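From first to last, the protein sequence lines stand for chains A and B. Going by the UniProt record's numbering, the final residue of the first sequence carries number 190, and the count climbs one at a time with no gaps. Going by the UniProt record's numbering, the final residue of the second sequence carries number 337, and the count climbs one at a time with no gaps.
Hints are computed from structural coordinates only; laboratory data are not their basis. Because the structure is a prediction, the values reported are computed rather than measured. Quick reminder that beta carbons are idealized off the backbone N, C-alpha and C, glycines included. Some clues are possibly wrong.
As the list claims (entries may be wrong) - Computed spacing ranges between beta-carbons, pair by pair:
{"#": "1", "chain 1": "A", "residue 1": "128", "chain 2": "B", "residue 2": "263", "range": "53 to 59 Å"}
{"#": "2", "chain 1": "B", "residue 1": "264", "chain 2": "A", "residue 2": "22", "range": "45 to 51 Å"}
{"#": "3", "chain 1": "B", "residue 1": "152", "chain 2": "A", "residue 2": "78", "range": "32 to 38 Å"}
Residues per chain, in single letters:
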Amino acid sequence: MDTQHSDARAVLEGPDIARVLTRIAHEIVERAKGADDVVLLGIPTRGVFLARRLAVKLEQVTGRAVPVGSLDITMYRDDLRLQPPRALARTEIPGDGIDGRLVVLVDDVLFSGRTIRAALDALNDIGRPRAVQLAVLVDRGHRELPIRADYVGKNLPTSLRETVKVHLAEEDGRDTVLLGVKQTPQGAQR
Amino acid sequence: MQRHLISAADLTRDDAVLILDTAEEMARVADRPIKKLPTLRGRTVVNLFFEDSTRTRISFEAAEKRLSADVINFSAKGSSVSKGESLKDTAQTLEAMGVDAVVIRHGASGAPYRLATSGWIDAAVVNAGDGTHQHPTQALLDAFTMRRRLVGRDTGLGRDLAGKRITLVGDVLHSRVARSNVDLLHTLGAEVTLVAPPTLLPVGAHSWPCEIAYDLDSALPKSDAVMMLRVQRERMNAAFFPTEREYARRYGLDGDRMAKMPEHAIVMHPGPMVRGMEITAEVADSPRCTAVEQVANGVSIRMAVLYLLLGGAVFDPKTAPDATTAPAAAHPRTEEK
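Chain A with its partners taken away, still in its complex shape (with noise of 0.2 Å):
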């Protein structure tokens, strides 16, 4: 997978998305008047782990610990049927539940949209958010729904030509979000 980014080029590097998970959590906490009520989902693999930084970060600028969990949304993807079964993720929702707080759902790129349908989806089955908000690292456009971020920490305007794959310590062993240009005419994108 990592050959083909081999000419990528790194569009934001680790400090950039410490800074920006930082803007992105004081803005939570000024939307959100003080995000008493916030819970924060991750969408596996990588929003898992910007979801726990973002709820450190929450942290410090509130004193107070967010509650912080993870939602597969495999299991209510519309492209099932178009791939071999795929492995689960963890869906781990914090003790209190979701009922009546905001929730604030936290992936790694915006794309088509479609992600964040079927975990709008999931959450129905979950629970009843007072309301629910997106917060993404990279937004890079080609929607096909009509679905939009709250809280963006690029924007990135790409063709569809072009990935965007992020990288995380947690799971990459170092920060950055690369741009290259996709090498099989027909990838599979989320």
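Based on these hints, arrange chain B on the given structure of chain A.
Structure of chain B alone, referenced to chain A:
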């Protein structure tokens, strides 16, 4: 994964661990207020039961419904089978109705294999117990219960049962559960010992990948899990042991025998239990007995199996050559392409 689940022996270690890991996630659905996933919406699953069953049929039905599949229940009693319809005609009727999967329980060993390989239907076939041959989902749920109890719920993810010592006690001769468990547990790296009276061991058991012993008391202290098998009186047409009381004394698990097991060891039973025969009420009701837990885990395992067989694209049998799919290649599925 293959397209069908006929025998526990067909599963590779990686397949089996994938099913157990998937089941671990499926188990969490049971804790939610809405115990339902949309994953198999629009898929039709037929439960084809030629033999009596409560827990397996209900467990499959619960799993299918939790995944939003359309479920059709068929039992041989009160169907055209009692009028003399053959398996082939029943299968072709189902094919004409457009089913995506068939869960089959049959009294004849090999019926699911025949259904999967004869080219009668294109649907995925899941063996829910055939004669004295195999019961792969039971073996999977047993392995799942063992991994949870002996390795750990979260620490077990991605791991097998390497080095665990499992003892199966009782009527091995008539037990498809025993055969499936020996195959799967061996694949998962466990050391299996069969303990039974010589009359209740099948011919050829010595060639299975397991140890054989005749004395329960000496096997108990070196077991991490002891699985008691039911004496299947309905399949017995000869005298296999002198009296039931003698069997219970020599091969039944009571409180005194349970005390000889290691502290962490569990007692398992695939059900239905015959209290007083292979297991006493004291043992059956003790917290070390996982019989009820096994039933709950059965739903998770069956959800995992159905998801992995039906949840994704139905792949082209030609690209995955194995024994059970070769004849099906003559009927490639077109609607998913």
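How the hints compare with the structure:
1. Checked against the given bound of 53 to 59 Å, the beta carbons of residue 128 (chain A) and residue 263 (chain B), roughly 45 Å apart, lie outside it.
2. At roughly 47 Å, the beta carbons of residue 264 (chain B) and residue 22 (chain A) sit within the given window of 45 to 51 Å.
3. Range check, residue 152 (chain B) to residue 78 (chain A): Cβ separation about 35 Å, and the 32 to 38 Å hint holds.
Going down the numbered hints, you'll see the structure goes against just number 1.
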